[in-house]
Structures are given as C-alpha cells and as structure tokens.
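Residue numbers (the working numbering): 1 to 347.
If you are wondering where the hints come from, they were derived from the structure by calculation, not from laboratory data.
Just to be clear, a hint being listed does not mean it is correct.
As the list claims (entries may be wrong) - Here are the simulated DSBU-like pairs of lysine-lysine, each with C-alpha atoms no more than 35 Å apart in a straight line: (1) K88 x K249; (2) K104 x K121; (3) K104 x K118; (4) K287 x K118; (5) K121 x K249; (6) K121 x K88; (7) K287 x K12; (8) K287 x K88; (9) K118 x K249; (10) K88 x K12; (11) K88 x K104; (12) K88 x K118; (13) K12 x K104; (14) K249 x K287; (15) K104 x K249.
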Amino acid sequence: MAALPGGTRLRKARDLMRRQGTSLLVETEAGSGVLAGVLSARDIPWFDGHDERPVTEFMTPFDRLETGRPGLTLEEAEQILYRNRIEKLPLVDDQRRIRGLITKQDVMLHRHRPHVSKDAKGRLLVGAATGATGDYLERAAGLLECGADVMLIDVAHAHSLVMRRAVEAFRARFADVPLVCGNVGTGAGARFLADLGVSAVKVGIGPGRGCRTQLETAAGVPQQAVRECWLALGDEVPIIADGGVRHDKDIFLAIACGASTVMMGSALSGTDEAPGRVIVDPSTGQKRNIYRGMTSSQAVLQMLYGADETDVDEVLETPAEGRRCRCRTRAAWGTSSSACAGICALR
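Between the sequences and the hints, there should be enough to build the whole structure, so can you do that?
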C-alpha cells in the first residue's frame, strides 16, 4: 500500500490507485510517516468535478480509523477486522507513525494458504534476480534494501568463468544472503555451482515457453537434466527445476527426478496474481496477458535505454534467446489448478 501527503490532488490519487489496485495511506506531510487517514475506492466520488480537490476532503480521517499496535498477532487483527467490519488495519506507534498494515486479504491468505513461504513477520518470501555482469552488485544491494529474502544470479549458461567471478564478488559483499545460481543442464555444471558455495542450483536450458536458447544456439537439454544434476549432487544442494513446467504432472516429475522445487512462468501467466499488462485480442475479444522471456527482443530493448553505445551494439548483434508470448487470462492460481492440492499431498 502506498502513502502520499494530504495535499495530493484527487486526480493523482485516483491514478495511483488504478495502477496499484489498492487503497492509499495518507500522511500529514510528505515523508513524515505520520498517519492522517486512509483513502479507499469507496471514498472517491464516481462523478466528475473533484479532481483538483485534496484527498484530505475524502479520506477517512485518523480519529475515525481503527488502528493496531506493532506486534499485533494475525489472530488479534482478525478479531478487530471482523468486529468493526473493516478490511484494512493500519499499525501505528505512539507518535501515529505508520509501522505496518494488516488487511483482510493477508488474514485470508494465512488462513486458507497455510503452507505458503513466509518470513518472520508473516510476509511472503520474495526472491529477486540480477545478471552476472555490469551493475549487478549495485542492483542486488538495492533489491536487498527493498526487502528481498533471496537473490538469484540468472544467466542462460551458468557453467562459465563469468558466473564464477560473479558469485565470488557477490559472496565477498553479501556473505550471509541466500544465493541461487543458474542455469545449468549437466551434472558437471551443477557440481561447478555447488563448489562455489551457492545455496541452490537452477537447472534447465531451453525448455521454457519464453526461451529460444535451443533454437538460437543449438545448446539445451530437456528437464531430464534434473536427474543428471541430482545424481551429481544428491541432497547436498537444493535443485530448482526451471522451465518446461506447463502442467501439473510436470511438477511431480521434476520432484521425482530430484528437484526440491520448481520455477514456473507460463503456467502462472494470465492468472490474477501474475504481473504484466492485460490486453484484449481484437479478433476474439478475449483478454490476454503479455508474458516474455528476459532475453526476448522486447525485454532487451527496454533494458537498453540509457546504456552506452558499445553495450547497445553488442546486444543488438546477439540473437535473442527469448520471446514474447500472449497467454489467455484465467482465474487465480489457487482456484485454477489442482497442483496445489497435489503438492500438499506429497508433503
């Protein structure tokens, strides 16, 4: 949930709410962190003529809000939410400074998805990826500062000198941060990464829907490579099967071959939880979600803004190993697949 100063015009607040799909916390002053009120969609008039008025005229002010103290348990928060028939509970300290927010959605997630991966504060665990060259260390520092729980160094071919240098530099700066590296497709590649001291190995070169590595470089392996990598490592280092997981059965096959977990792209694209722009196919009227590999030409061009001329020339001369796909939108992942129930059964 975003916070904005009380003098913000309603037009700007409405645009921000539309982009983020959430209500807004209102501060007394920009950057003060002192809660003045909450602005939700039901507070905004649906008729015109109010765009230039400040949000303080429409928000629910602090003295009418139900708030909680930092350290409140989810069970206590659930009782407050239900008793007052509200969906959002700001957490504030003695100076009214914003310390957190518990929503009905948070409570329902913990109640109905008890096996999701959470940190000590009950928040969903987040992994963030960088490359292995350029400003990747600075990007990693920024991502960790924003709350990332685990970092990934992600390249198409990780059994390389570039990856060795990247891991050594990363470990020298962030010794205690969990680090996942990939991708590899052989037992030797998996052993190479394990010997570098990574926390987990990502396996899969080319099987993903958004990946064209096998077509462009004639190098790639099916997800059978998971088994080869497990034979090289055993249970020494967790293995992540990355790519080629399109159906429920693919999850179970990967785990049976030795993977500890799977990474999914196309299987989740189009769901309510997936990021990305939703478009309407003019020929069918069907909603579709844009899904793209990070070495697709579209993704590469976006990353080139602000790059120097040498980097631009090198990238443009390199064949794209990814592609952009359009996936049909569908319901939330938990309601659209039986895989969740199957995974719980495996546990």
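Outcome of the hint check:
For the hint linking K88 to K249, the alpha-carbon distance of about 38 Å lies beyond 35 Å, and the restraint is violated. Of the supplied pair hints, the one linking K104 and K121 holds, its CA atoms being roughly 16 Å apart against a limit of 35 Å. Our distance criterion of 35 Å between C-alpha atoms is met by K104 and K118, whose separation comes to about 17 Å. A hinted pair counts as satisfied when its Cα atoms are at most 35 Å apart, and K287 with K118 qualifies at roughly 32 Å.
For a cut-off of 35 Å, the pair hint linking K121 to K249 stands: about 33 Å separates their Cα positions. Restraint check for K121 and K88: satisfied, since their Cα atoms lie roughly 17 Å apart, inside the 35 Å limit. Proposed proximity of K287 and K12 is supported: the alpha carbons are some 27 Å apart, at most 35 Å. Among the hinted pairs, K287 with K88 is consistent with the structure: their alpha-carbon atoms are about 30 Å apart, no more than 35 Å.
Distance hint between K118 and K249 is fulfilled; the C-alpha atoms sit about 26 Å from each other, no more than 35 Å. Restraint check for K88 and K12: satisfied, since their Cα atoms lie roughly 22 Å apart, inside the 35 Å limit. Only pairs whose Cα atoms come within 35 Å are accepted, and K88 paired with K104 is accepted, the gap being roughly 6 Å. Using a Cα cut-off of 35 Å, the hinted pair K88 and K118 holds, with the two alpha carbons roughly 20 Å apart.
The suggested pairing of K12 with K104 holds, with an alpha-carbon distance near 26 Å, which does not exceed 35 Å. Of the supplied pair hints, the one linking K249 and K287 holds, its CA atoms being roughly 26 Å apart against a limit of 35 Å. Between K104 and K249 the alpha-carbon distance is near 33 Å, which keeps this suggested pair within the 35 Å criterion.
Checked against the numbered hints given earlier, the structure breaks only hint 1 and satisfies all the rest.
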